[in-house]
Each structure stands twice: as structure tokens, then as C-alpha cells.
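**Q** Using the hints, position chain B against chain A.
In case you want the letters, here they are:
Number of protein chains: 2
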Amino acid sequence: MSDTEHVSPTTLSTVDHADAVELLGLVAYTELASFGRLAGDAAHAPTLRQRQALSRLAAAMLDRQERVLVRVDELGGDSADCMTAFDGLFDDFDARTRPSTWWEGILKGYVGQGVADDFCLLAAQGLDERSRAVVVDALTQDTPAQRYAPVIADAAAADPVLASRLALWGRRLVGEALGVVGVVLSRRPALARLVAAGVDAVAADAPDGPGNGPAPATQSWVFSRLTAEHSRRMDRLGLAA
Amino acid sequence: MSDTEHVSPTTLSTVDHADAVELLGLVAYTELASFGRLAGDAAHAPTLRQRQALSRLAAAMLDRQERVLVRVDELGGDSADCMTAFDGLFDDFDARTRPSTWWEGILKGYVGQGVADDFCLLAAQGLDERSRAVVVDALTQDTPAQRYAPVIADAAAADPVLASRLALWGRRLVGEALGVVGVVLSRRPALARLVAAGVDAVAADAPDGPGNGPAPATQSWVFSRLTAEHSRRMDRLGLAA
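If you read the sequences in order, they're chains A and B. Those letters in the first sequence? Residues 1 to 241, per the UniProt record's numbering, in order. Those letters in the second sequence? Residues 1 to 241, per the UniProt record's numbering, in order.
These are calculated hints, taken from the structure and not from any lab test. Note that the coordinates shown come from a computational prediction; the quantities given were computed from them, not determined experimentally. Hints are supplied without guarantee of correctness; some may be wrong.
Said to hold, decoys possible - Here are the simulated distance ranges between beta carbons:
| hint | chain 1 | residue 1 | chain 2 | residue 2 | range |
| --- | --- | --- | --- | --- | --- |
| 1 | B | E129 | A | A85 | 26 to 34 Å |
| 2 | A | V151 | B | A95 | 38 to 46 Å |
| 3 | A | R96 | B | D87 | 52 to 60 Å |
| 4 | B | V136 | A | R130 | 48 to 56 Å |
Unchecked claim - Covered by chain A, according to a simulated footprint, are these stretches of chain B (three or more residues, beta-carbon under 8 Å):
| hint | stretch |
| --- | --- |
| 5 | 23-36 |
| 6 | 43-52 |
We treat Cβ as the ideally placed atom computed from N, Cα and C, and that holds for glycine.
For reference, chain A alone in the conformation it holds in the complex:
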């Protein structure tokens, strides 16, 4: 079976479509929230060059979000309404993680968006090929995290006090971010189904067959995957996770 035939959109049931639209809505909402945060960070950037660079990253992110909403339309969803279920999703996270410096704000974007994107990418494994490609493209192409890792790493390397504060702040951020993932998994069964479907697909493709694939898509399995990715991201900054 070729890649493009794997799960063709035309063979998806209505339920699959509804699940896909829900994940696409989460991706679109996450990008909208990240856009606002990044544009705000940009406005307070220490230099005009950073202000311009961060503003461009924010604008590019919202341009990619548009393609996610186009996919929602293609699946028969409502691109205006698909984000509604997630409205306010990050309010509690934001209230608990108010940055006290510009660097804390930048790390918040790096960690928070990193966890959110990784969760969406995990769930995207359960999508049809085309929707998955749209999500992967939106979340992995020229991300602020890729661009900003060296900037944070350089600043942390030059200032050990900043580095130790940011390491502590990163641990707090990842804990709060995983809390949001827990809320999403428990309240949105469609997303839990997509994560489970993705695990099954990965297991079926594994050389040893389904029996030796990863453990079921429980919340703790998701958390361990997201934590491992978070550790790798912090390593890239030279900070202890």
C-alpha cells in the first residue's frame, strides 16, 4: 500500500472527519494564540532587529495557520467555528506563567509552543495523510523554536545566572504545559482517539508488527513522549530540563 493510499480522505467516515476537524481546530487555535504571544514579545524586543525578526516569525506562523483552516473547509468543517471549543484554553496556563522578564517570555514561547506542537503532532499521526501533511507542515516548517534556540542558548551561555533562572523557569513551564495537555485529553475524546489511532498506525508499521509497538496511548504515555521531547529541546539551549 503506497503512502498516499494509506488512509485516503475519501475513505474517511464522518466521525473521522469530525475528529480531524477537531484536531485542526486545536492546531489553528494554538497557532493563533502563539501568534499573539510572539507579536507581543516582538513589540518588547530589546532591539529593532529582533522586533522585526520576531514579528516576521509571528506573521509567517499565521500564514501557515490559514492552510490549516483551508483543510478544515475541505473536510466540510467550519473554519470560523472549529476553534471555538478551544477558546480560552491557555488562559489558566497564561495566568500561572506570567513572565517577569523578556527572556522568560521568549522561553515561555519556546517551551509552551514546543509542548503544544508536539502534542498536536502526536495526535496528527491518527489523521488522514493530507490533513497530517498540513499539520506537520504548519508545525515543523521554520518554527520560532528552531530560529530562537540559538539566540536563547547564546544568552544563557554568556550569563550563568540567567541560565539557572531559565532552567528553573523551563521546569515550571513544562509542568504547566503538560497540565493543559491533560485537560485537553480528558475533555476532548476525539483528540484522545486520534492519539490512540496514531499509536496503532505506528505499531502496525513497526518491523516486529503490532505486538511490539509502543504502549497504549494513555495520558502517562503521552506525557512521557512530550517530556522526552522537552528534554531534547532544553538540551539544545544548554539548559537542564
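**A** Showing chain B alone in chain A's frame:
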């Protein structure tokens, strides 16, 4: 003389190039500032749909800004440095016009960006054809003002108290915005030269010849043009200017 031959980029002197780069830098900086303001308004929009719509307008504006910076490169300017001279230009304006409601913020964008864009469009009349086209395209294509005029007009029509407050706020905003224009004209001779060159070009093209063209590009002439445009803009909202 055909339009495209009027002032061809290749016939421009180095001084003309430097003046053009200066105006393009102001346009790019103004759009960067508007991007940050609009993204901030978006983040606090009353509804998710408005949040999405305003975010998209902000992102589209920054996409057009990129073309202005490309033109700076084409003229041999430095796209990273061309905005530096204007860094902080709106700080005083922003400090004097802190919106106390979301609607005041939206009107601030409508009025402030309107005056800034009109000034840049006036000065752009003194540019070479290609640079002028880039500026006109950046500042007149699908602007937030065009999109948001009906939204503000509807809200004002439905609420006379809001309408009278916004009318008062609009007068305060335009006064402060003209103050910024005065600062720019007195501190940046290149921009005053472009405005004057634009007036001459318009006068030369007038049916009655140069003698009956507009008055010289004094600050008071610029202010009267900008004020007239502002009145037309407020009319579109159904608010007294």
C-alpha cells in the same frame, strides 16, 4: 513622456536613492508598529472571530512590509538598518493616547495609521515610479482601515454614547498624530524634500501647468491635506471629525 519613463530608477541620483530609502524605512517602521498594535488589539478582541480577523490583517500587513524592505535592498539601502532612524517614533504618541477601551484602541489604529499612511503616500509622490508603486501597494491594499470602518460605524450607530466618546477620542488622536508628522517633517529633511518633489510633480501634471498647482509643501499645507483625509475617514464612521 510616458508614465514609466517619468522618473526611471536608473536616472535617480545617489541623493534621490538615499531619500527614497529614508521614506521606505519610515513606511516599513510604520507598518511594523501597526503590526504590533493590531496584533495586540487582536489578542483582546471581544470575539474569537474578531481575534482571527484582526490577526490576519496584522500578518498580511507585515507580509506587504517585506516587499518594502526588498525595494530598499534594490536601491542599495540596508533593509535591516533603514528603520533605525525611526525607532521609538511613536513612543510619545502612544504614551499620550493610551486607549481605555477596546473600541478606543481600534479607533486609535484607524486614525493613527490613517494619518501615517496618508503622510507616507503624500511623500511617495516624490519617489521614482517603482518605489512609489511599492509604497502605494503596501499602504492602500486591503488595509485594516478599509476592513474595520464598517465594524466601527455599526458599533457607533448602535450606541450614541460610544459614538460621542469616539468622536471626541478621534479629535484627540488626530491632533497627536499630526504632532508626530510635524516632528518627522522638521527632523527628516529628506522626507520634506520628497513631499515638495511630489507637489511639483502634481503641479507639472495639472492641466493649467505649474503656476496653478497646489501651494508649496509647507507643514501647514501637509496638515491641511492630512486633516481633510481624516475628516473623510471619520465621515465613513458616521462620526464628527
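**Q** Does each hint hold? Answer for all of them.
**A** Each hint tested on the structure:
Distance hint for E129/B and A85/A: a CB-CB separation of about 50 Å, inconsistent with the stated range 26 to 34 Å. Restraint check, V151/A to A95/B: a C-beta distance of roughly 29 Å breaks the suggested window 38 to 46 Å. Our hint of 52 to 60 Å for R96/A and D87/B is violated, since their Cβ atoms are close to 34 Å apart. A hinted range of 48 to 56 Å for the beta carbons of V136/B and R130/A is inconsistent with their spacing of about 39 Å.
Restraint check on the stretch 23-36 of chain B versus chain A: 3 residues with Cβ-Cβ distances below 8 Å, three needed, restraint holds. Beta-carbon proximity to chain A at under 8 Å applies to 5 residues in the stretch 43-52 of chain B; the threshold of 3 is reached and the given coverage holds.
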